[in-house]
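Turn these sequences into a full structure, and let the hints steer you where they fit.
What follows is the residue order along each chain.
2 protein chains.
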Amino acid sequence: MKKYNVGILGASGAVGREMIKVLEERNFPIETLKLFASERSVGKKVEFCGKELTIELADYGAWAGLDFVLGAASNAVAKQFADDIVKSGAVFIDNSSAFRMDPDIPLVVPEINAEDARNNKKGIIANPNCSTIITLVAVNAINKLSKIKGIVASTYQATSGAGAAGPVELDEQMRAIINGADITPSVFQYQIAENLIPQIGSFLDNGYTTEEMKMQNEGRKILHNPDLKVTCTCVRVPVVRSHSISATVVTERKLTVDEVKAAIAACEGCKLYDDVENKIYPMPLVTSDQDLVFVGRIREDIVHDNAITLWCCGDQVRKGAATNAIQIAEALIEK
Amino acid sequence: MKKYNVGILGASGAVGREMIKVLEERNFPIETLKLFASERSVGKKVEFCGKELTIELADYGAWAGLDFVLGAASNAVAKQFADDIVKSGAVFIDNSSAFRMDPDIPLVVPEINAEDARNNKKGIIANPNCSTIITLVAVNAINKLSKIKGIVASTYQATSGAGAAGPVELDEQMRAIINGADITPSVFQYQIAENLIPQIGSFLDNGYTTEEMKMQNEGRKILHNPDLKVTCTCVRVPVVRSHSISATVVTERKLTVDEVKAAIAACEGCKLYDDVENKIYPMPLVTSDQDLVFVGRIREDIVHDNAITLWCCGDQVRKGAATNAIQIAEALIEK
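Going line by line, the protein sequences match chains A and B. For the first sequence, this note's numbering begins at 1 and goes up steadily by one. For the second sequence, this note's numbering begins at 1 and goes up steadily by one.
Think of the hints as simulated: they come from the structure by calculation, not from any bench. Quick caveat: nothing in here was measured; it's all calculated off a predicted structure. Think of the CB as a built atom: it goes at the ideal place given N, C-alpha and C, for glycine as much as any other residue. Hints should not be assumed to be uniformly reliable.
[What the hints assert, rightly or not] Quick list of the computed label-pair ranges, beta carbon to beta carbon:
1) N75(B) x T210(A): 39 to 49 Å
2) G180(B) x D59(A): 35 to 45 Å
3) D258(A) x S38(B): 38 to 48 Å
4) H224(A) x T210(B): 38 to 48 Å
5) L57(A) x T210(B): 52 to 62 Å
6) C49(B) x T210(A): 46 to 56 Å
7) P185(B) x T256(A): 54 to 64 Å
8) H224(A) x S74(B): 48 to 58 Å
9) H224(A) x L204(B): 51 to 61 Å
10) P185(B) x A64(A): 51 to 61 Å
11) Y60(A) x K279(B): 29 to 39 Å
12) N27(A) x A265(B): 55 to 65 Å
13) D205(B) x K121(A): 46 to 56 Å
[To be verified] So these bits of chain A aren't anywhere near chain B, every CB distance computed over 10 Å:
14) R17
15) R26
16) P29
17) E31
18) E47
19) F48
20) G61
21) K122
22) D182
23) L223
24) P226
25) K229
26) L272
27) Q290
28) L332
Now the structure itself:
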């Protein structure tokens, strides 16, 4: 089997570190793994497959000889190095939102549109937003039964969605509450422990946040459905890891709960987790640190004639980011 | 001003204790306050308006001379004593769900249908479910602008909705997480600290929980709208107090965001709390321990032609239970 030279840009962040772990777990055929980050992290040691790797400076020319660069950095850093990465001959699979809506750059959830990844004329493939990936993997089976016209989604997003500093802030605030100490938020807009913050991203003129509009905008591109309508409300919750989404999915045809359950059970990337009599439904604690999107609470919607309401959870650092990027690379390699 | 003799049935629970506090805060015209609970709490002392009251046994005949009995006990206890309370001449304002759907017993949110409270032929008035009260107060102004046809709601319900033991369990579990100790849930089905539980109440044949169906069933009765359709997903979140609801409200006529905001700002029981540029939106920490329902994130829905999407928070121990019951009593007294 051919082996590949892989680089990770932003290797010291939450997603970058998870990429290292997932590459090892999935036995990605690696010849060499190179880790890149900003000055601050250069020289740090990271273990990969029993070997110690050293983080190098992310800089022009650093990508020579690589087949893939997995991007786990900011939009600015992704934009800064994208051309240089592509010119060096590597395919850049980027987790930032910098290139997601570029019509010439595929936006890919491999279970849904892996074929788009193979049509990357610019050498760049974008990894979608975390809540978008989790929701779309959950509803992909429904979309195959009957085209989805609209989704009304409310998210319950974990602190790790804000990077490694998110769960640290939650932990610190929990300690402060227990010790009666003062709380000064820094990662989140307000205290997140024992609270909810209905703002992720910045506000647009239509009253939605940038994060909220991603599910519609990215969903249209991934599902090849330019008419898809999504109303999304994104809320940060005091959870460490795994995003949850309450979704009402409006379809063209009326579906039965049984056919939806059967389709989800058979769908790649999903786990039907729906046995309410035995209190089996997705929860963040159950779905963290693994790659499947758990789907449960599947029932006929009451407001709409043709809609299914469900609840899904998935680990947004893994399937919502690191794993999805590596699955894109897997879709491109010789098997 | 006439003064009234008031009893609280279930005075030692979370809602009962809050009723004592709210009666004092609102200067309810009280001649005598009597507190009743089960054997376990008899003899306990509680302060009210600078005086020490002693909890008495809830028993047949205990209500003699009372004008109002506020019920803050279980369905079973409410059913056990309702007839006896009414026969003694008191009006029974009950927070349990025992009588809510009885067609001869009014179900009242005073800002919406106070007139129903005055038509209590059986001497019993029911206090609605907490999430239902908060959501309906938030959307009441919208319903006056254009009849509501449907609501798609996802709740984020605080631990205090499970009674006084709920926040205690959250606190204990937060300590256990920080100390690396084991967690054994007892109040909730699963660990609630750093987790979400998409089950409140028990499951019905249609896949919804008893709690989820309350918003439609009780909403129809309160709004005098038998055709109202509500899809609700109820989720327990690791918050101490204040329930939050993400709601898409489908109306007969298309409403503008500006007219909705103006109507909510002018609506009794609501506080328009919607200035996203300045990060002003309802949050549990901001809305706890007060009586208004805060409404924000008001925007045009994307999926439906005629719908408004919003986010609201309210203290479910107060407006969702204790305060609403006392407001019902206020609607019945001579002023």
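Structure-inconsistent hints, enumerated in ascending order: 7, 9 and 25
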